[in-house]
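Q: So you can see what is in the structure, the chains are spelled out below.
Number of protein chains: 2
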Amino acid sequence: MAGRSSRSSDGGKLESGFFEPRSLAVIGASSHPGKVGYAVLENILYSGYGGGVYPVNPKGRKIQGLPSYPDIAGIPKVPDLAVIIVPAAGVPETVTECAAKGIRYGVVISAGFREAGIEGRRLEKDTVQRGRKGGVRLLGPNCLGFINSSLPLNASFARLMPPKGSIGVISQSGAICTSLLDWARDQSFGFSKLVSLGNGADLSESDFLDYLSGDDETNVIIMYVEGVSDGGRFFRSLKRATRHKPVVILKAGITQAGAQAVSSHTGALAGSDKAYEAACEQATALRADSVEELVELARSLTSQRIPKGPRVAIVTNAGGPGIIASDACEKAGLTLAGLSQRSLARLSAELPPASSLHNPVDVLGDATAERYTVAVETLLSDRGVDALIVILTPQAMTEVDRTAEEIVKISAGSHKTLICSFMGAESVEKAVSVVESAGIPNVEFPDRAVQVLARMYERSLQKEMPPSKLVRFEVDKERVKQLFEVYRKAGQIQVGPEDCRTVLGAYGIKNTPFLVATDYDQARDFAKKSGYPVALKIVSPQILHKTDVGGVVLGIKDESSLEEAYEEIMSRVRRHMPSAEIEGVGIQKMVPEGRELILGMTEDPQFGPLIMVGLGGIYVEAFQDVAFRLAPVSPADASRMLCELKAFRLLEGVRGEEPADVAAVEEVLQRVSQLAVDQPELSEMDINPLMVYNSGGGYTCVDVRMTIGG
Amino acid sequence: MAGRSSRSSDGGKLESGFFEPRSLAVIGASSHPGKVGYAVLENILYSGYGGGVYPVNPKGRKIQGLPSYPDIAGIPKVPDLAVIIVPAAGVPETVTECAAKGIRYGVVISAGFREAGIEGRRLEKDTVQRGRKGGVRLLGPNCLGFINSSLPLNASFARLMPPKGSIGVISQSGAICTSLLDWARDQSFGFSKLVSLGNGADLSESDFLDYLSGDDETNVIIMYVEGVSDGGRFFRSLKRATRHKPVVILKAGITQAGAQAVSSHTGALAGSDKAYEAACEQATALRADSVEELVELARSLTSQRIPKGPRVAIVTNAGGPGIIASDACEKAGLTLAGLSQRSLARLSAELPPASSLHNPVDVLGDATAERYTVAVETLLSDRGVDALIVILTPQAMTEVDRTAEEIVKISAGSHKTLICSFMGAESVEKAVSVVESAGIPNVEFPDRAVQVLARMYERSLQKEMPPSKLVRFEVDKERVKQLFEVYRKAGQIQVGPEDCRTVLGAYGIKNTPFLVATDYDQARDFAKKSGYPVALKIVSPQILHKTDVGGVVLGIKDESSLEEAYEEIMSRVRRHMPSAEIEGVGIQKMVPEGRELILGMTEDPQFGPLIMVGLGGIYVEAFQDVAFRLAPVSPADASRMLCELKAFRLLEGVRGEEPADVAAVEEVLQRVSQLAVDQPELSEMDINPLMVYNSGGGYTCVDVRMTIGG
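Protein sequences appear in the order of chains A and B. Quick note: my numbering has the first sequence finishing at residue 1256, numbered continuously throughout. Quick note: my numbering has the second sequence finishing at residue 1256, numbered continuously throughout.
Hints may be right or wrong, so weigh each one.
The list cannot tell twin chains apart, which means a pair is met if one copy fits it or any two copies do.
Unchecked claim - Below 25 Å or equal to it, Euclidean Cα-Cα: the simulated DMTMM-like pairs (lysine to aspartate or glutamate) are:
#1 K820 - E839
#2 K1192 - D1065
#3 K820 - E876
#4 K1092 - E1203
#5 K710 - E990
#6 K877 - D1150
#7 K877 - E1127
#8 K877 - D912
#9 K581 - E945
#10 K1092 - E1204
#11 K1192 - D819
#12 K820 - E1230
#13 K559 - E990
#14 K1135 - D1104
#15 K679 - E975
#16 K1056 - E1142
Simulated from the structure, these hints should not be mistaken for lab results.
Just need the whole structure built from these sequences, with the hints factored in.
A: So, in structure tokens, the structure goes:
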């Protein structure tokens, strides 16, 4: 991974020569059907590509009707792109020859690299190095290739050319691409560009994300990702892209079992799911939970406007599915639109008396196309409606096909989001293709249709979020740098408790002083300064459960009790664990009770510092009520992190309790984020508990642990 | 609802005359295509029904080639069943005529009853009453009819006759039936019986559940339910049915928005979702979350064995989908099977070196049917594998159809659960129909395939659960009856705090005594008896937030402090709320700190007493970590309720804490359940907090409220 991350941001921006080559070479082109070199050349020719095509093959002088060249040097022009299908062992040399010729882009379809073991790994490294040296940027190896349907050009060995459309696809799995192509044909949606990344050895997901975010032919980007090569760059590219168009990401390998499969499959390091989740959230990408959702969201976002608000209207010819859709609206946080008087009057005048006029509008089991027309027209023109779902079940009297045609006609004049849910198979097949060809997605199950709407509305909310500016606090960055340097030189990774507090202090984070006293006198002097009551805790690397060995005394009220407690702890610990190496006795002033949070930071291998906040105390383990964000954390990020917690209600105050000092916690989150960004040496930190007081009362960090290096 | 629930359990068991009539009358049969009376008769004839068919219509002497009769009396035989399609206004009289003829079953397809307003409601009541009186049991009105595909008989106006199969369908929505019929044809599954309940005025979901659970032609029952007519009976029928076969339920109208739609649609009262959830859980029914899941589960359960264990093997020709499936296994609580040495040896010998042999087994993008054969054979015969998912993506070299055929051949000899996930549309269409015709469900998306397996495995776990016997505790039932009677006579619904404790005491539930003292002397005497420290709380119907007016003093240590506190409370309350009507000052002994739970009981209108337990204190509101069960609660129910709580970990003890007295809490749950069952007057109860102590230390109910009648 280290290798990938250091390389992938080199080499400059992807230019039009890649997706729109004026001419291209097919190196390893073949005359034998069944060979990949045949399929790729056939696809290029069959796709209607208008530029020059130069097959290269040591044997034969004509391939699939085109003049063929024995080597790259012999091609009469300098092609923009080379599609490479020679065996893995020959790829590095081929890339060098491409470079010598002046070719700037290569697509390495050949397999047998990193995914095939040590020798393959070496070949891959060699290939990329030669490309870098000679100025050839490479897609792959071990990929399906790419398709640009607007040129058009199918430079892949996928069996199908996709319908032209506006969805851009970036996938780390070639198989996902082939399945997408199949569904696209079936469901009348299409792609602008489709890229199979393969091993992603040179050109990465971020390169294509950058390109597609500026591509006028693309209005939605969808990605299938297992691991990214450079988390930071990916995060930045994602943020930029979502400013222009929605990006939907399906991330696989999120769980332990899945992560194992990733490493045995492509060797890519699967990023921690929490970091991805945070990256998507902060970059306002939409995360799909399944392949199904990826497909449904892509085709809905590409052809329909996103809903301006959460108010959904439902037309149905059957009560049950209407109820199912209503349930789903409530679950998904959408609302059932209340209809205007005008709408109700029209529906009442034109629908039979038994119809249900209120949303969901039930046009009854014997509804004709006319009844649907009335309902759809009325609801689409109601100002209180942001989106419409049209449910149709194929009943005895249903005019399935005519209804579809009418819906298409009416929808042409509307700016509102429209999704159909024609339920069934053969009976609705033709009608479904009618609506889908007109860009109205059909989602077979009404509850899923609502879920799609809800995700589209999420995009709408994301677009409304104001950009959030980072706050830079005045801190003593140098002091912390020097302190960590001392640890680094000493080869120590655990920062001592006093130094942890120095670090917090340098970043303006309030905390409760702590001293590891090595004798009673030190403890007494500390207590005199801090004031009573104090707590004592044994400090020993061998003692993890301090309470179990009698190593903790709380609420010590005065000097005489302190002396007694000190001696007691020492004698109890010596008795229980005579072999323990005792570093001293920690002493700290008792702090008033408040609401306990936990606040932490960890270094994600792909995305860098990840900041966490959650409900503290014993509840953190039972409820895992925590929120994560990548650093740097903006004021808006900090605020949203807290809102995400279920425990937020406890911070706001329940049962007449005063609210907690939420503003102070938001500030600590940002200060910790600044600390994490400023100090790359810091690899982990836990503040637990962070004791938070009532509004205006601030907080204090009671206990803190830091690890550096690692 | 009251009307329905009192009626629906009358009338005895549904007999074979309904589903297997020797002959039937079609009352309102028509010669005019387009009329429902035409469609129904046509369906009956077209379905291949072998019994006598007697069309009845005042006009005409021949209908669709059959001799027709002007009235029911004129039919030469006594048919077992009448299908009624006359206008609503004529239905009551028709039922009376059926009764006079001796017909025992009717299917009222006609609409215009309860769903159409007051007059319809009257007609419906009249219809049912006449049926009861004359001994005619009725399906509907306002329904699609029913289908018995094994007879065969299509006594419905659904357009399609379903393929014969073993799924029994009971649906409160006719439209769901028609969509199911459509999907069944498309996906090669079939139905044994299909019943559209319509308004369910007489024969209810429970009647058909009882019938289908004893029906040999049915091996899975699926239900679409909006509201049930008699919760208690439904619960009992469901429990009986799941002993014989899996029952999958899709319940709509679960949320507030959905519930509104229910009442505007069929007038049925939507049951509280918590009660349904508990009923399904306790009756070991499988609850589907969506129409999609209902369909997928039905077809998987009907044709495949349920997995014996959680160990899933995956074969795939593409890494990405394999990872997606692995992720889904972990999320769903299934495990990736570890393969035996023998399996690994065979895979290693017969698959190409680049294949991934460990689960998921990746047979690579260019996998032939042979490679799939090797992998599928090996995994199905591995003893460590309980279920297999075969993923196929249509890549350039994939032998899609042959692979399907080979899988069908191999699977014929296997007893393990097998699900295919052929991803795509046209490219895999034929192959999908090959596997599905052989009873292997194809679930297009691998993550959904895993979810289906997980639900099937749930059934496996349910079957293993030992039956749990109820415990009857020795209690003083009569005392509580008498006490509630006093309240009932006085027209009071809130039970006073002392009486609440008497009730708990009578049921052997430990609690902390509480007295509403009307003067200081009473308080002092109480404290002397109970012992110090005590707490005082003002008792006034006008004061909800006692703390805000200074109406609470805790930790009163002795008599002199008690007097002071008593006076203070009275004077503060008089100052803050001079108009409040003060009933007295509540006094209670302070109890030691423990783990706080909340335990409650509420009366569900459809299912009766519902028992709740959850994490108490301020957390109950933020986390809503609560579990519900219908009374009576068995020891196993009580234990599972607690395990369901996220807070269960806190009861077990985290961070070296001792475990709480879980056994005692389980007992309280059962005692509360017995109280709720014994005392139908009790309509609501809250014990909050239930203070639970460490293992062996028991518990005490600190505060308790009860409402009766209501």
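Q: Indicate, hint by hint, whether the structure satisfies it.
A: Against the structure, the hints come out as follows:
1. K820 - E839: For K820 and E839, the Cα distance is within 25 Å only inside one copy (20 Å; across copies 28 Å).
2. K1192 - D1065: This pair counts as neither: shortest intra-copy Cα distance 44 Å, inter-copy 44 Å.
3. K820 - E876: Between copies only: 16 Å across chains, 27 Å inside a chain, cut-off 25 Å.
4. K1092 - E1203: between (33 Å within a copy, 13 Å between copies)
5. K710 - E990: both (24 Å within a copy, 24 Å between copies)
6. K877 - D1150: The answer is between: 22 Å across copies meets 25 Å, while 33 Å in one copy does not.
7. K877 - E1127: Intra 56 Å, inter 43 Å, cutoff 25 Å: neither.
8. K877 - D912: Intra 30 Å, inter 43 Å, cutoff 25 Å: neither.
9. K581 - E945: Between copies only: 15 Å across chains, 49 Å inside a chain, cut-off 25 Å.
10. K1092 - E1204: between (34 Å within a copy, 15 Å between copies)
11. K1192 - D819: both (20 Å within a copy, 22 Å between copies)
12. K820 - E1230: Close inside one copy (15 Å), not across copies (42 Å); limit 25 Å.
13. K559 - E990: neither (41 Å within a copy, 38 Å between copies)
14. K1135 - D1104: within (12 Å within a copy, 31 Å between copies)
15. K679 - E975: neither (55 Å within a copy, 47 Å between copies)
16. K1056 - E1142: So K1056 and E1142 pass the 25 Å test inside one copy only (15 Å; across, 32 Å).
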